[in-house]
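Trainee: Residues per chain are reported as follows:
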Amino acid sequence: MKANQSVLVIGGGIAGIQASLDLANRGLKVYLVEKTPSIGGRMAQLDKTFPTMDCSICILAPKMIECFRQPNLTILTYSEVQEVSGSAGNFTVKILKKPRFINVEKCTGCGVCAQHCPVEVPNEFDMGIGVRKAIYVPFPQAVPLKYTIDEEHCLKCGLCQRMCQAEAVDLNQKPEVAHLNVDAIIVATGFELFDAQRRSEYGYGKYKNVLISLEFERLLSASGPTGGHLLRLSDGRIPKRIAFIQCVGSRSLKGGVSFCSSACCMYATKEAILIREHIPECEVYIFYNELKVFGKGYQDFVTGAQTHWGVKYIRALPGEVVQDSKTGDLTLWYEDTIENVTRSIEVDVVVLCPALIPRAANKEVGVILGLELDEHGFFKPKDPLFAPVDTNVLGVFICGYCQSPKDIPESVAEASAAAARAAEVIALSASKEVH
Amino acid sequence: MEHAEEEVPRIGVFICHCGINIGGVVNVPEVVKYAMTLPNVVYSEDNLYTCSSEGLGKIKEGIGKYNLNRVIVASCTPRTHEPLFRATCEEAGVNKYLFEMANIREHCSWAHMHEPDKATEKAKDIVRMAVAKARLLKPQDELEIEVTPSALVIGGGISGMTSALCLADQGFKVYLVEKEPELGGMLRHLHKLYPTMLNASEGLNKIVGGVKPNKNIEVWTSAVVKQVKGFIGNFDVSVQRGNGETANFRVGTIIVATGADVFEPVGMYGYKKYDNVITQFKLEQLLKDSQLKKPERVVMIQCTGAREEKGRTYCSRICCMEALKNALLVKELYPETDVYILFRDLQTYGKDYEDWHRMAQDRGVKFIKYNLEKPPEVVAGHDGKLTIDVYHALLGEQVQIESDLVILSTPLVQHEDVKELSQILKVPLGPDGFFFEAHVKLRPIDFATDGIYVCGTAHSPKNMAESVSQALGVASRAAIPMAVKRLRTEAITAMVDESLCSGCGTCVKICPYGAIEKDEKGVARVTAVVCKGCGTCGASCPEKAITMRHFTDEQVVAQALAALGRAVA
Chain C
1 MKANQSVLVI GGGIAGIQAS LDLANRGLKV YLVEKTPSIG GRMAQLDKTF
51 PTMDCSICIL APKMIECFRQ PNLTILTYSE VQEVSGSAGN FTVKILKKPR
101 FINVEKCTGC GVCAQHCPVE VPNEFDMGIG VRKAIYVPFP QAVPLKYTID
151 EEHCLKCGLC QRMCQAEAVD LNQKPEVAHL NVDAIIVATG FELFDAQRRS
201 EYGYGKYKNV LISLEFERLL SASGPTGGHL LRLSDGRIPK RIAFIQCVGS
251 RSLKGGVSFC SSACCMYATK EAILIREHIP ECEVYIFYNE LKVFGKGYQD
301 FVTGAQTHWG VKYIRALPGE VVQDSKTGDL TLWYEDTIEN VTRSIEVDVV
351 VLCPALIPRA ANKEVGVILG LELDEHGFFK PKDPLFAPVD TNVLGVFICG
401 YCQSPKDIPE SVAEASAAAA RAAEVIALSA SKEVH
Chain H
1001 MEHAEEEVPR IGVFICHCGI NIGGVVNVPE VVKYAMTLPN VVYSEDNLYT
1051 CSSEGLGKIK EGIGKYNLNR VIVASCTPRT HEPLFRATCE EAGVNKYLFE
1101 MANIREHCSW AHMHEPDKAT EKAKDIVRMA VAKARLLKPQ DELEIEVTPS
1151 ALVIGGGISG MTSALCLADQ GFKVYLVEKE PELGGMLRHL HKLYPTMLNA
1201 SEGLNKIVGG VKPNKNIEVW TSAVVKQVKG FIGNFDVSVQ RGNGETANFR
1251 VGTIIVATGA DVFEPVGMYG YKKYDNVITQ FKLEQLLKDS QLKKPERVVM
1301 IQCTGAREEK GRTYCSRICC MEALKNALLV KELYPETDVY ILFRDLQTYG
1351 KDYEDWHRMA QDRGVKFIKY NLEKPPEVVA GHDGKLTIDV YHALLGEQVQ
1401 IESDLVILST PLVQHEDVKE LSQILKVPLG PDGFFFEAHV KLRPIDFATD
1451 GIYVCGTAHS PKNMAESVSQ ALGVASRAAI PMAVKRLRTE AITAMVDESL
1501 CSGCGTCVKI CPYGAIEKDE KGVARVTAVV CKGCGTCGAS CPEKAITMRH
1551 FTDEQVVAQA LAALGRAVA
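Protein sequences, first through last, are from chains C and H.
According to the numbering used here, numbering within the first sequence proceeds without interruption in unit steps and concludes at 435.
According to the numbering used here, numbering within the second sequence proceeds without interruption in unit steps and concludes at 1569.
Don't read these hints as lab results, they were simulated from the structure.
The structure displayed is predicted, hence computed values, not measured ones.
Note that CB positions come from ideal geometry on N, CA and C, so glycine has one too.
Certain hints may be false.
[What the hints assert, rightly or not] From the structure, some residues in chain C lie toward chain H, with a derived Cβ separation under 7 Å: (1) 59; (2) 299; (3) 404; (4) 413.
[Unchecked claim] Pairs of lysine-lysine, DSS-like flavour, derived with a Cα cap of 30 Å: (5) H:1206 <-> C:382; (6) H:1426 <-> H:1544; (7) H:1310 <-> C:312; (8) C:380 <-> H:1441; (9) C:106 <-> H:1033; (10) H:1096 <-> C:106; (11) H:1065 <-> C:106; (12) H:1096 <-> C:29; (13) C:363 <-> C:254; (14) H:1521 <-> H:1229; (15) C:63 <-> H:1485; (16) C:380 <-> H:1192; (17) H:1441 <-> H:1485; (18) C:254 <-> H:1366; (19) C:63 <-> H:1441; (20) H:1173 <-> C:382; (21) C:29 <-> H:1532; (22) H:1374 <-> C:312; (23) C:380 <-> H:1288; (24) H:1058 <-> C:106; (25) C:312 <-> H:1366; (26) C:29 <-> H:1485; (27) H:1532 <-> C:63; (28) C:29 <-> H:1215; (29) H:1206 <-> C:380; (30) H:1060 <-> C:106; (31) H:1215 <-> C:382; (32) C:63 <-> H:1426; (33) C:312 <-> H:1441; (34) C:382 <-> H:1441; (35) C:382 <-> H:1212.
I would like the entire structure built from these sequences, with the hints used as guidance.
Mentor: In structure tokens form, the structure reads like this:
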């Protein structure tokens, strides 16, 4: 008999955070497992959020800190679920805690170590367009605010160890295994990005001024590599004309995914407005195929972008992006599907909006938990209509993008839904009438 | 704690080096020396990390040794560390509201890392301001309230029933109030549900079959909510049946699941003028009742009364899929029938709906894109048929289609009578008429008022699956206070000086949480457990009758004067 009923939440993005807080705040014990060094997920990387234009990290960080402070909630970062056995009401979970080479009890997050670390590597949090040290926190608002040594790049020079006044560096740390016993499990593994290099005609990876949207998001962000100054990466010049290409790899039967990612039309609109805010004279074009404006407040947001902010929407099939190798300027060729003509436009920067796709690692998670995946790699709901967060395994629930494409508010509501179902199954199994 | 108000303040100031984050810029020992010169400061020290267990121990030690009754930590941000220091004070017997934090890292050493001398001076200024406030601090109490473990669910459609069942299964009592004589809401009128194509009646029977026998759910049909008084944990609700019968009960939480109506496009595209112009909703019912006679050519017009320039500017989200589904059903029923869908932007979002679009194309459904600027026109043609004249936006030419059945896809709209409910509950409606949540992004199913939640199409247009998801979501949100049973409320709340209040009602209107009302004497009264301490009322009161606890004018002015270097009174 366990003293407290408990739930394991896999994935520390906004969905996992919301599900964890709902459960912990009602008195259940929650273990929130996140494989990177900090919770926060994709939302932490965004500059602002549509349609309210709130600073993303500013509204997310209080929730992250609430997770940290909530006594019923244990955050296990830099950790992965390895094995799960048992059934609803009694799952046994084996968790691998990767070595941070930092004693988190001692580390105060002061950052002196990183100031002295001589190794610079591309920063994953900035999508590789910025740098971090080999000893690092992924971003300033990280939770927990504890440093991590990236074993792959660390030179073992020991400088951080000498500089750390808290004596928190422990280069001999080993991987640890933890065993948990939980009543229910919530999976919230989020999404990853379609590899835009597979659309070679757009030149991503080849041309420096062709970015994907999440890189662009970091370029806009005050905590990004340019401190929020919108510059061209090739030459630091202020761009005068920027084009967005929608549906890169999505809604496609040819080498992409067939579904719509549901968020790109809106975040492109948001980024377009932000460009106009940063550089009022910069022209912005959004090359779209079908504008998805279905969410609450979306149409008004797009209308505002068109009328107030002067963002230009062109219904088109972009064919190719060509770079002028001397200037780094780009020419975008497209077929205007309203006027049925092929045209080209010279731009300084092209932003690609790649499909948001289920994580490849869902396959492993599916095997570990016995969950069914659909043809795309999303976890399958038990019944898409009436049991959207239940799965084929009783006591295991899904929420957020790993269930199907959705935006942040839907992920938040669905995370609460998964929390409700977990609590419901726990309550029912206590009274022995699970259905 | 009452006596603390009379006590002479004995302030202890703990100044943190934060490794070299502060200490590497600010001359911390000098700030310690300076702090000791300030009024009522009886002790000051520096710590390498005040937040370490050693540093926290020093605070407790100082409180005991020097009989401190006010504590200041000058370090980093209160956002992450204030709760820790407050808890430490409480452990040592000092009310946590007698703690004050001075941020000399984000506001000082980090911002001025290249100017150490000036940074040290600024750190002194910041500490001086904190001392000025700390001298005037008063202990505060957090009230505790009990939460009635029952919920009121308003609306007996799929959303309301789903929420009710989930809460009931968690052991909470639920009052489910439905204004119609039967449960089911919109689901009663629908035919098949995408994407599984389940018969709506089958789904309805299953869920009603779960609700009716559930011992924890009390169903009130043909009933409306007439009055709600109170606040989270203790709402007193009056419900009235059509026959005049009333009931009163107390609930801890309230869920709004009142659904939506379908827009009637009177005067648009010949609706109500020609018999063969009907709504998509009507087609759904004809299909459900097997009453659809074979049409030769069906033309569906999307965005009828939606995504307009003014008025209903929003997209109703479900109409494109509704049209695709019904187009496929018509094709299945009558393969020779031509089906056209006239659309602006096809909202085939998410995992499955693009596939539905492709499927419809494969089955011969024809799609024509039109523009808001040049909408289609429906005019009478030959033999009782209609001619639809539409500018084909992709071909760039005017197209005429003869049709014997025109289907208008109209948006979901808020119920006419919902304004009354929004006033009874004191929760807002948005510009689109739908209920307005606490925060679009991160609190999509909460209202700003604690203990009241919203789900389903009352919140915005959405399909069955999306409604169920939100309905389960609110079952979690509402369960939180009911599961913890007792709530600790905010101590930093507004106080009204009755002798100054003119009863103008400005604060009542401006309070975002519905925490203020006029009492029987006509003056403002704050319900402390509902107040969040935002201060909006205090700032707007023309008589200066409202004071915020822990942020009194006296305290804030003293701080401001200290910032200017003026002596503290």
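Trainee: Please go over all the hints and tell whether each is borne out by the structure.
Mentor: Against the structure, the hints:
Contact between residue 59 of chain C and chain H, as hinted, is supported at the beta carbon level, the nearest pair being about 6 Å apart and thus within 7 Å. Hint status for residue 299 of chain C: holds, given a least beta-carbon distance of 5 Å to chain H, under 7 Å. Annotation: residue 404 of chain C was flagged as interfacial toward chain H, and the flag holds, the nearest CB pair being 4 Å apart, inside 7 Å. Checking residue 413 of chain C against chain H by beta carbon gives a least distance of about 4 Å; that is within 7 Å, so the hint holds.
Taken as a hint, the residue 1206 of chain H and residue 382 of chain C pair is honoured in the structure, with Cα atoms around 16 Å apart against an allowance of 30 Å. The suggested pairing of residue 1426 of chain H with residue 1544 of chain H holds, with an alpha-carbon distance near 25 Å, which does not exceed 30 Å. Between the alpha carbons of residue 1310 of chain H and residue 312 of chain C the distance comes to roughly 21 Å, so the proposed pair stays at or under 30 Å and holds. For the hint pairing residue 380 of chain C with residue 1441 of chain H, the CA-to-CA distance comes to about 25 Å; that is within 30 Å, so the pair holds.
Taking the CA atoms of residue 106 of chain C and residue 1033 of chain H, the gap is near 29 Å; set against the 30 Å cutoff, the hint holds. For the proposed pair residue 1096 of chain H and residue 106 of chain C, the alpha carbon gap of about 26 Å is at most 30 Å, so the pair holds. A C-alpha spacing of about 27 Å is found between residue 1065 of chain H and residue 106 of chain C, which places the hinted pair at or below 30 Å, so the restraint holds. Between residue 1096 of chain H and residue 29 of chain C, the direct Cα distance comes to roughly 27 Å. Compliance with the 30 Å bound is thereby established for this hinted pair.
For the hint linking residue 363 of chain C to residue 254 of chain C, the alpha-carbon distance of about 23 Å falls within 30 Å, and the restraint holds. With a CA separation close to 19 Å, the supplied pair residue 1521 of chain H and residue 1229 of chain H stays within the 30 Å bound. Between residue 63 of chain C and residue 1485 of chain H, the direct Cα distance comes to roughly 22 Å. Compliance with the 30 Å bound is thereby established for this hinted pair. A threshold of 30 Å between alpha carbons decides the hint, and for residue 380 of chain C with residue 1192 of chain H the separation of about 21 Å falls inside it, so the pair holds.
Between residue 1441 of chain H and residue 1485 of chain H the CA atoms are separated by roughly 28 Å; this keeps the pair inside 30 Å, and the hint holds. Taking the CA atoms of residue 254 of chain C and residue 1366 of chain H, the gap is near 23 Å; set against the 30 Å cutoff, the hint holds. Annotation: proposed proximity of residue 63 of chain C to residue 1441 of chain H holds, straight-line Cα distance about 13 Å (limit 30 Å). The suggested pairing of residue 1173 of chain H with residue 382 of chain C holds, with an alpha-carbon distance near 27 Å, which does not exceed 30 Å.
The hinted pair formed by residue 29 of chain C and residue 1532 of chain H meets the criterion: a straight-line CA distance of about 27 Å does not exceed 30 Å. A hinted pair counts as satisfied when its Cα atoms are at most 30 Å apart, and residue 1374 of chain H with residue 312 of chain C qualifies at roughly 20 Å. For the proposed pair residue 380 of chain C and residue 1288 of chain H, the alpha carbon gap of about 29 Å is at most 30 Å, so the pair holds. With a C-alpha separation of about 17 Å, the suggested pair residue 1058 of chain H and residue 106 of chain C falls inside the 30 Å cut-off, and the hint holds.
Of the supplied pair hints, the one linking residue 312 of chain C and residue 1366 of chain H holds, its CA atoms being roughly 28 Å apart against a limit of 30 Å. At roughly 17 Å between alpha-carbon atoms, residue 29 of chain C and residue 1485 of chain H fall within 30 Å of each other, so this suggested pair holds. At roughly 18 Å between alpha-carbon atoms, residue 1532 of chain H and residue 63 of chain C fall within 30 Å of each other, so this suggested pair holds. Restraint check for residue 29 of chain C and residue 1215 of chain H: satisfied, since their Cα atoms lie roughly 28 Å apart, inside the 30 Å limit.
A C-alpha spacing of about 22 Å is found between residue 1206 of chain H and residue 380 of chain C, which places the hinted pair at or below 30 Å, so the restraint holds. For the hint pairing residue 1060 of chain H with residue 106 of chain C, the CA-to-CA distance comes to about 20 Å; that is within 30 Å, so the pair holds. With a C-alpha separation of about 26 Å, the suggested pair residue 1215 of chain H and residue 382 of chain C falls inside the 30 Å cut-off, and the hint holds. Restraint check for residue 63 of chain C and residue 1426 of chain H: satisfied, since their Cα atoms lie roughly 27 Å apart, inside the 30 Å limit.
Pair hint residue 312 of chain C plus residue 1441 of chain H holds up; C-alpha atoms about 26 Å apart against a cutoff of 30 Å. With a C-alpha separation of about 27 Å, the suggested pairing of residue 382 of chain C with residue 1441 of chain H holds against the 30 Å cut-off. Between the alpha carbons of residue 382 of chain C and residue 1212 of chain H the distance comes to roughly 24 Å, so the proposed pair stays at or under 30 Å and holds.
Taken one by one, the earlier hints all hold for this structure without exception.
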